[in-house]
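Student: Chains as they are written, first to last, in our numbering: chain A, 1 to 222; chain B, 1001 to 1263.
Please note that a few of the clues may not be correct.
List of simulated lysine-lysine pairs, DSSO-like, C-alpha gap at most 30 Å [unchecked claim]:
hint, chain 1, residue 1, chain 2, residue 2
1, B, 1137, B, 1037
2, B, 1037, B, 1048
3, B, 1099, B, 1211
4, A, 77, A, 156
5, B, 1100, B, 1253
6, B, 1253, B, 1099
7, A, 118, B, 1099
8, A, 118, B, 1037
9, A, 173, A, 156
10, A, 173, B, 1164
11, B, 1048, A, 3
12, A, 119, B, 1037
13, A, 156, B, 1164
14, B, 1099, A, 156
15, A, 173, B, 1099
16, B, 1211, B, 1253
17, B, 1100, A, 156
18, B, 1100, B, 1211
19, B, 1211, A, 173
20, B, 1211, B, 1164
21, A, 173, A, 77
22, A, 118, B, 1048
23, A, 156, B, 1211
24, A, 77, B, 1164
25, B, 1137, A, 173
26, B, 1164, A, 119
27, B, 1164, B, 1100
28, B, 1164, B, 1099
The set of hints was computed from the structure by calculation and includes no laboratory data. Computed from a predicted model, the values in this text were never measured in an experiment.
Each chain, letter by letter, is given below.
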Amino acid sequence: MRKMYDWLDERLDLSPIWRDIADHEVPEHVNPAHHFSAFVYCFGGLTFFTVVIQILSGMFLVMYYTPDIVNAFNSVKYLQTEVAFGYIVRGMHHWGASVVIVMLFLHTLRVFFTGSYKKPREMNWVVGVLLFATILGLGFTGYLLPWDNKAYFATKVGLEIAETVPLVGPYIKTFLAGGDIVGASTLTRFFAIHVFFLPGILLALLAAHFILIRRQGISGPL
Amino acid sequence: MAGGPHDKETVKYVGDSRVRATRERLLPKPYSEYPGKTEPFFPNFLLKEWMAAVVFLIGFMVLVVSHPAPLESHAADPNDTSYIPLPDWYFLFLYQLLKKIPGDMIVLGTVVIPGFFSLLFLLAPWLDRSPERRPWKRPIATTIMLFVIASIVYLTYEAVAQHKMQLEESASAAEQAPAPPPAPAPTESAAFDPEQAYMQSCSACHGQDLKGTPAAPSLIGLSLSTDEVVDIMTNGIGVMPAGRFQGTDEQKKQLAEWVLSHQ
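Work the whole structure out from these sequences, hints included.
Tutor: Structure representation (structure tokens):
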């Protein structure tokens, strides 16, 4: 083990990378083992943990899901009722979507009320707000995918609301719906946005979020 | 004095065969940055974090297994006009805000109010610039945030309550529906029945009992003239599209009068 590490380290210079990722001190004021009230500092980690759950469960859902209006509902129903543990995987993704919003909200409030967004961490706050928007976008696009009435009409109303925005509204609606009505091309668009576009943005923003927090360290005690 | 051969800024050619590589020891960073009982992130703190995550995961899986994700019994039916739409719970407050705003000022609810608060939120670090971090020492920021949280909670609660009420109403309306409709009184305009026209063209959004749905407001007790209603019918208003009811001007007038007769 040690030899393997040395062999890699000699060629890749792993130690600085390792130092950047893992080798740092956790200060007392964020450690719930010392101050129980410091559990409020856990929400960011739990948000990330739930995001990981979402990515993993989503990867398994895509194995069964079919993004077209004839089969979408049936594929979800098949997964829910027939596939072994299918209802658990779908349940994780369904409930995880809500839990991630709750955790994100609590994390945001912690950062806000501890004033942690202040100099020098302004940029990380902005990245966090963008993450919030991305995750809301994931929630909105994912809601359509089961293609039952609840999904369909919520999206229809959502797009009608988007249409009322002055100037750009009709363009937003056409871009998202892929046409005049919520239909086949809307479903494929929402699927692509939910599975490729937004997760890509999400991972890039998460990387920025973590690089910044390692660079700047966690904010000091109040 | 900078520029010496042992200066920190000197370029280091790692692995260049002409330069002797000096291996740095993996020394723990000084504990002095934060006074108090610090703890190494790896493995000590990460292990504890993982234990907390496992407890969270157990609770989460109990929820998942005991409450299967909902799925309706059939695929989406775009022609189902009686379905009462509802967004996911974390969008409810925006939806409820929209319902509170009259149709001709809808842009307030779609852009101005959410946009204003989103911008405040995004630009918080530049609006609240003092080095003070304790929430009770920066009352403006704290007050605004508490107000926003309270509004979100209240609007969400109200949206859920209204949706429940509508579901009950539509359920009781569905029970009454099978009763045979009273025979329309024969008049000179027997070919046009405003109630039937309403059911075909308007009830999908305004509800079969004219009490409104999340998609459109109630039509009972309107303080509008017949001509104004005809105008709205023809040209639309707010989110209401134009020309939902296609008919002659006389029929539009009759339909408007019928709507206004519900006070």
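Student: Does each hint fit the structure? Answer for all of them.
Tutor: Hint check results:
{"no.": "1", "hint": "B:1137 x B:1037", "verdict": "holds (27 Å)"}
{"no.": "2", "hint": "B:1037 x B:1048", "verdict": "holds (15 Å)"}
{"no.": "3", "hint": "B:1099 x B:1211", "verdict": "holds (14 Å)"}
{"no.": "4", "hint": "A:77 x A:156", "verdict": "holds (22 Å)"}
{"no.": "5", "hint": "B:1100 x B:1253", "verdict": "holds (28 Å)"}
{"no.": "6", "hint": "B:1253 x B:1099", "verdict": "holds (27 Å)"}
{"no.": "7", "hint": "A:118 x B:1099", "verdict": "violated (36 Å)"}
{"no.": "8", "hint": "A:118 x B:1037", "verdict": "holds (25 Å)"}
{"no.": "9", "hint": "A:173 x A:156", "verdict": "holds (10 Å)"}
{"no.": "10", "hint": "A:173 x B:1164", "verdict": "holds (29 Å)"}
{"no.": "11", "hint": "B:1048 x A:3", "verdict": "holds (29 Å)"}
{"no.": "12", "hint": "A:119 x B:1037", "verdict": "holds (25 Å)"}
{"no.": "13", "hint": "A:156 x B:1164", "verdict": "holds (20 Å)"}
{"no.": "14", "hint": "B:1099 x A:156", "verdict": "holds (16 Å)"}
{"no.": "15", "hint": "A:173 x B:1099", "verdict": "holds (20 Å)"}
{"no.": "16", "hint": "B:1211 x B:1253", "verdict": "holds (21 Å)"}
{"no.": "17", "hint": "B:1100 x A:156", "verdict": "holds (20 Å)"}
{"no.": "18", "hint": "B:1100 x B:1211", "verdict": "holds (15 Å)"}
{"no.": "19", "hint": "B:1211 x A:173", "verdict": "holds (28 Å)"}
{"no.": "20", "hint": "B:1211 x B:1164", "verdict": "holds (14 Å)"}
{"no.": "21", "hint": "A:173 x A:77", "verdict": "holds (29 Å)"}
{"no.": "22", "hint": "A:118 x B:1048", "verdict": "holds (29 Å)"}
{"no.": "23", "hint": "A:156 x B:1211", "verdict": "holds (21 Å)"}
{"no.": "24", "hint": "A:77 x B:1164", "verdict": "holds (26 Å)"}
{"no.": "25", "hint": "B:1137 x A:173", "verdict": "violated (44 Å)"}
{"no.": "26", "hint": "B:1164 x A:119", "verdict": "violated (46 Å)"}
{"no.": "27", "hint": "B:1164 x B:1100", "verdict": "holds (18 Å)"}
{"no.": "28", "hint": "B:1164 x B:1099", "verdict": "holds (16 Å)"}
Hint violations for this structure: numbers 7, 25, 26, all remaining hints satisfied.
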